[in-house]
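Please work from the sequences and hints to get the whole structure.
2 protein chains.
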Amino acid sequence: MKAQIITIGDEILIGQTVNTNVSFIGEKLTNLQVEVIKSTVIGDNDELIMKEFEDAYNHADLIIVTGGLGPTHDDVTKSCVVRFFDTELVKNKEVLHDIKEIFKRRGREVTKTNEEQALVPKIAEVIRNSRGTAPGMWIKKNEKIFVVMPGVPYEMTEMMNSTVIPKLELLLKDRKEFTVIKNLMTTGIAESHLYEKLGDIDELLNGSKLAFLPNQFGVKLRLTVKGANQDECNNKLSELEQRIRTIVGRYIYGKDDEKLEEVIARLLIDRSLKVAIAESCTGGLISSRLTNVSGSSAFFERGVIAYSNASKVEILKVDEDLLQKYGAVSLEVARLMAEGVRAISGTEIGLSVTGIMGPTGATPNKPVGLVYIGICDENLCTAKEFRFGDDRLLNKDRTSQAALEMLRRNLLGIPYDE
Amino acid sequence: MKAQIITIGDEILIGQTVNTNVSFIGEKLTNLQVEVIKSTVIGDNDELIMKEFEDAYNHADLIIVTGGLGPTHDDVTKSCVVRFFDTELVKNKEVLHDIKEIFKRRGREVTKTNEEQALVPKIAEVIRNSRGTAPGMWIKKNEKIFVVMPGVPYEMTEMMNSTVIPKLELLLKDRKEFTVIKNLMTTGIAESHLYEKLGDIDELLNGSKLAFLPNQFGVKLRLTVKGANQDECNNKLSELEQRIRTIVGRYIYGKDDEKLEEVIARLLIDRSLKVAIAESCTGGLISSRLTNVSGSSAFFERGVIAYSNASKVEILKVDEDLLQKYGAVSLEVARLMAEGVRAISGTEIGLSVTGIMGPTGATPNKPVGLVYIGICDENLCTAKEFRFGDDRLLNKDRTSQAALEMLRRNLLGIPYDE
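Note that the protein sequences, when read in sequence, are chains U and W. Using our numbering, read the first sequence as starting at 4 and increasing by one per residue. Using our numbering, read the second sequence as starting at 4 and increasing by one per residue.
Each hint can be trusted.
Cut-off 27 Å, straight-line C-alpha distance, at most; resulting in silico cross-link-like pairs (DSS-like, lysine-lysine):
#1 Lys200(U) - Lys115(W)
#2 Lys125(W) - Lys103(W)
#3 Lys147(W) - Lys54(U)
#4 Lys369(U) - Lys107(W)
#5 Lys212(U) - Lys185(U)
#6 Lys212(U) - Lys115(W)
#7 Lys262(U) - Lys262(W)
#8 Lys107(W) - Lys200(U)
#9 Lys54(W) - Lys54(U)
#10 Lys369(U) - Lys103(W)
#11 Lys54(U) - Lys5(W)
Okay, the calculated bits of chain U under chain W, using three or more residues with CB under 8 Å as the criterion:
#12 12 to 25
#13 38 to 46
#14 295 to 309
#15 393 to 407
Hints in this document: simulated from the structure, not taken from any laboratory. From the three backbone atoms N, C-alpha and C, an ideal C-beta is built for every residue, glycine too.
What follows is the structure, encoded as structure tokens:
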């Protein structure tokens, strides 16, 4: 099955909105073994929409349209659907009921404009919208499927999950080939090193696929396996994953889109451990990431953003003479900061960073991108040097990720060798 | 001038990457009065790319293509360009020089694969890439412009800004109608209140356009004016901006995509003031935002992430009895935290937040979304209550924005009344 995704809305073409719907829908369809051959964005313009419907209908088996279903004059998707399928609008009682319920919950009166949203093309099966007033549509004609949903991501994603995907799964249940995709999230190793460590890729993959997707947080390994049924896929996938883990397992911190801070939160909670953080160059980013996890007060005790030298001495009790001797950006000070924050907070673990994020602040011996990360627990107190790039915000991201990875490896007893 | 944007890459269709290039390019073109009629995404597939080039060439005057210019076998954009324009590849010395320089800076050897990136279609003018090895191309044929750039946003945005936009401006300088767009960034006021305060919008706008674009950081006001030349537009725009500022100027913190932390950084540096931050519920986010600004050590002295009660007492010297009496999430404790962090750091200003970000942590009297923000300077020490929503990450964003806005208004002597 080949699919095209059509997004309707001027706000995307003029750059006011980033189109996140396409990546959401694209991933869901790919997981269902549906091949997305194209994605188009067009403005709220009848003629261009009609032309795009026509074109998609000729090339794809499944067309998913989002956007342009609002109640105002510039929302023209529904009238285009009526024209395209040469059908008419009929009032749908269920939808009208849903709309009235939503307004009742919000304590507001239903207006005539909103009531008109209950008009649905006669040819369409309604996809109910539990989060908004615009219903979706499922149209099947000549073996082609045409799905129309609102563009609001909060509404569309729910409709995809609750209705569209189950209906597609049912349609595709007799298919001959299945696909399963899994992402393994790595960090602390460059793409090229990862590639080299994995050795003969063709032999490793044995017909499956592996993509390397790097960003500043690490390299995502996307595994794709195909098989005659779901079980065969799962078995192949788990064998492949095992082979990969045997070689580079130490760098894999999670799966799919898991974040490193979520993995660490679980590890700390499982072990009833608390951490305190002393940050200089990352300015609070590491602590902010850890406290993005709900329930973080169970494992995060405090953070100190010791930006000035005075704050390093006063709060973290870094020895002033050593600070002068080695400089704030040094292995020694990173270690002392980790030691200090652990001591003042009484946590099992202290983690620290100090570095030069750029573009300013470099000295002849200390270039932009130089970072030291320190970690202390009851057994050891150590620090490590890192060299990142030129971009300030990317450097903050990379430093925070490296620090969290040092913490993860510390918790799991994995040496940090890269 | 009508434009189409073509993005090439499987990773977007399968949902691995969100296509931010389109919104960036779309906004830039809209500002130049170029109408973006369509945006398409296609996979790394020769035939589909050729078909899309053909189609775009028939409907648009300007075609901007990104992606598929990497050095590996699955990058086919360049060979499609060669086929489409019936031209040949020639080695470009400048590009080869740029590539060698990049590898020199990185301390690595130039491989044969990388050298091949210096091959450019004969028909194309090269768009130099200062941030990567793949050159861009500018092709003009039969009054149509065809621009090809790498898909990496960091590289593409620089090439757009330094080369493509100036070249387009030159081409468009004789046009009959000009558009100027300006964004005014507001915060601390809801969209509906802003709308009501502005009164009779049609009278206010007098033919120009105004869009309200809300997100968790505030409401962006997008002003669009048209005129026969640049000067007329600028005059109209500055009159309109003045009328808007007269009514709601206190809520406007910046223009275009300026960030609140950048505005505050300038204000603090201009006044030679330093700030120290005490954060509880935001977990370091406010400090991290301030230290995203290059040179932040000039105005940011330290931050304390006083997550536990012990840390509030030990580092910030919050009175333990008052902490017990009022609870950590209270007006009193917010004020004491701001006072405390100012006192220990010796800065002119202390800023604090304490609150419940959710989804857990609420009590019968203190719901999720309840936040107190405190600020202290040499004249006053005050705190204010805020009520945000249910979503933890949005609440962190909203709280950090409100705290920074309290700081901005404090610096400018604007009362915080909403």
